[in-house]
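Work out the full structure: start from the sequences and follow the hints.
Going down the list, the sequences are from chains Y and W. All residue numbers for the first sequence refer to the numbering used here, where the first residue is 290 and numbers rise by one. All residue numbers for the second sequence refer to the numbering used here, where the first residue is 42 and numbers rise by one.
Careful, some of the hints might be misleading.
Unchecked claim - One-sided excerpt, in silico: chain W residues whose CB lies under 10 Å from chain Y:
#1 Pro288
#2 Trp290
#3 Leu360
Hints listed in this document are in silico derivations from the structure and should not be mistaken for laboratory results. Glycine included, each C-beta is placed from N, C-alpha and C at the ideal position.
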Amino acid sequence: MSQTTEEWEPKIVALVCNWCTYAGADLAGISRLQYPPNVRLIRLPCSGRINPFYIVKALQHGADGVLVSGCHPGECHYISGNLIARRKFAFLNNFLNYIGIEADRTIFTWVSASEGDKFARVIDEVTAKVKALGPATRLIKTD
Amino acid sequence: MNDIEKNIREEAKRLLDENLVDLVIGYQEGTLPLQTAPVFISSGDEVDKLVFNSCCKQNLAIYVHAALKQHHQAQERVKPEDKKQKVVGVIARGCTSRSLVIHLQEQQYLREEIVVIGVPCSGYIDKNKLAEKTDGAEIVAGSVDGDTVTVETAKGTTKLKLDEVLAGNCLTCAYNNPVISDFSAGEIPARDCADEFAEVDEFAALSESERWDYFSREMNKCMRCFACRNICPSCYCASCFAEQSQPEWVGAGINPSDNQVFQVMRMFHMAGRCVDCGSCVEVCAEGIDLRKFLKKLDQDDQNLYGHKAGVKLDEPSPLASFRENDRETFIFEPE
Ligand code: SF4
Ligand code: SF4
Ligand code: FES
Numbered sequence: 290m291s292q293t294t295e296e297w298e299p300k301i302v303a304l305v306c307n308w309c310t311y312a313g314a315d316l317a318g319i320s321r322l323q324y325p326p327n328v329r330l331i332r333l334p335c336s337g338r339i340n341p342f343y344i345v346k347a348l349q350h351g352a353d354g355v356l357v358s359g360c361h362p363g364e365c366h367y368i369s370g371n372l373i374a375r376r377k378f379a380f381l382n383n384f385l386n387y388i389g390i391e392a393d394r395t396i397f398t399w400v401s402a403s404e405g406d407k408f409a410r411v412i413d414e415v416t417a418k419v420k421a422l423g424p425a426t427r428l429i430k431t432d
Numbered sequence: 042m043n044d045i046e047k048n049i050r051e052e053a054k055r056l057l058d059e060n061l062v063d064l065v066i067g068y069q070e071g072t073l074p075l076q077t078a079p080v081f082i083s084s085g086d087e088v089d090k091l092v093f094n095s096c097c098k099q100n101l102a103i104y105v106h107a108a109l110k111q112h113h114q115a116q117e118r119v120k121p122e123d124k125k126q127k128v129v130g131v132i133a134r135g136c137t138s139r140s141l142v143i144h145l146q147e148q149q150y151l152r153e154e155i156v157v158i159g160v161p162c163s164g165y166i167d168k169n170k171l172a173e174k175t176d177g178a179e180i181v182a183g184s185v186d187g188d189t190v191t192v193e194t195a196k197g198t199t200k201l202k203l204d205e206v207l208a209g210n211c212l213t214c215a216y217n218n219p220v221i222s223d224f225s226a227g228e229i230p231a232r233d234c235a236d237e238f239a240e241v242d243e244f245a246a247l248s249e250s251e252r253w254d255y256f257s258r259e260m261n262k263c264m265r266c267f268a269c270r271n272i273c274p275s276c277y278c279a280s281c282f283a284e285q286s287q288p289e290w291v292g293a294g295i296n297p298s299d300n301q302v303f304q305v306m307r308m309f310h311m312a313g314r315c316v317d318c319g320s321c322v323e324v325c326a327e328g329i330d331l332r333k334f335l336k337k338l339d340q341d342d343q344n345l346y347g348h349k350a351g352v353k354l355d356e357p358s359p360l361a362s363f364r365e366n367d368r369e370t371f372i373f374e375p376e
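Below, the structure written as structure tokens:
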């Protein structure tokens, strides 16, 4: 990339549940809350539908950070999708860090449909964290 | 012939002669010194081929799965009244029995489709350690007598202590007797073993970049032959993500990133399912340190969910269950 570090803006992939975080993002928009434009939201039916491979593939294809967000425990539309997902994420998050992927590259959180302000704050902070890390260099596929 | 061999041969003969099993899967002498190979016995006259010693490396559960899956598929087109059950007997040491438990938990076959001939096991010889001790010279003959391994190479004869060449997973294995069995060929006291996670803790204490350097260096050696996947009893899917093309999870070609992604995904599939049998390490022609990474998942399984792969039949695997109050310290909360 020809950009200097000062102007470098991270690309963040956000894998989010349709019923909560995606609606939370909508609410943030309707409420005219400002948050950094670095995230690309990918809407999925439930955090339980987030194949952990999506996270790995996002990193492989150059995401500087991956945010995963679903309904709070106990509030999943499909009752326990997020509770099963939570275990998968715990294993994956620890494992990725263990092999040397920076801890802040993958971030997991819960944001409900009524938490527009939380959504904006999450994006603010996640963007700042990933910016502090600098561009991703590990697991990336280069030709 | 040791006592254990005598016992398993007698039991295998009885099972086959009385038609209680259709097949016994065990170990036979290999064609190379200090090696054994799997053997599939379907007649009581052949049981003298069976051996059991410290050169028995393979986890035989994968063959039990293959034999029964093949049978199930063949039975699909048979009229209900003509359906037959196939029963497979297997020589099972600790880790093999744990893999059988995983298959049973994952409903791959029924308990009555297998007969577990349990054997006590105090470990097998690691080919990489052996090669190290003999400077990589070709082994022309070898024998194990009690605690001494005698290896003959073109350069001369070496005597080694068995413990020096046992596989790393065997040295920390406390499952020296099978966790399930229908017949026991003997029992030994459980090994008073070293901390199985010492290596994981040591690695985790390195910096992120040191860990990444090690991981990527190891994965760079991988030629994606998939031998590690093929030998693993927990990797039994008929179609594997590694060969899928839509979506293409793992790119064809030799990009190092695809090696990394392949192993991250394969190992992730082992969360709560790897019994630390060491078969993948044993078959890897590149000598990749897979265990260092697999053990991390094992450690998390134990620390986060108090689970140990394949030890208890009635304990569900961690990714097939949950608790409402599972630890979620990794969940991010904005300020
Ligand atoms: S056996 Fe070794 S070289 Fe072959 S795919 Fe597995 S890790 Fe790679
Ligand atoms: S991943 Fe390796 S050590 Fe674990 S069960 Fe499979 S073959 Fe055995
Ligand atoms: S529906 Fe939102 S996490 Fe399951």
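- Check each numbered hint against the structure and report the violated ones by number, ascending. none
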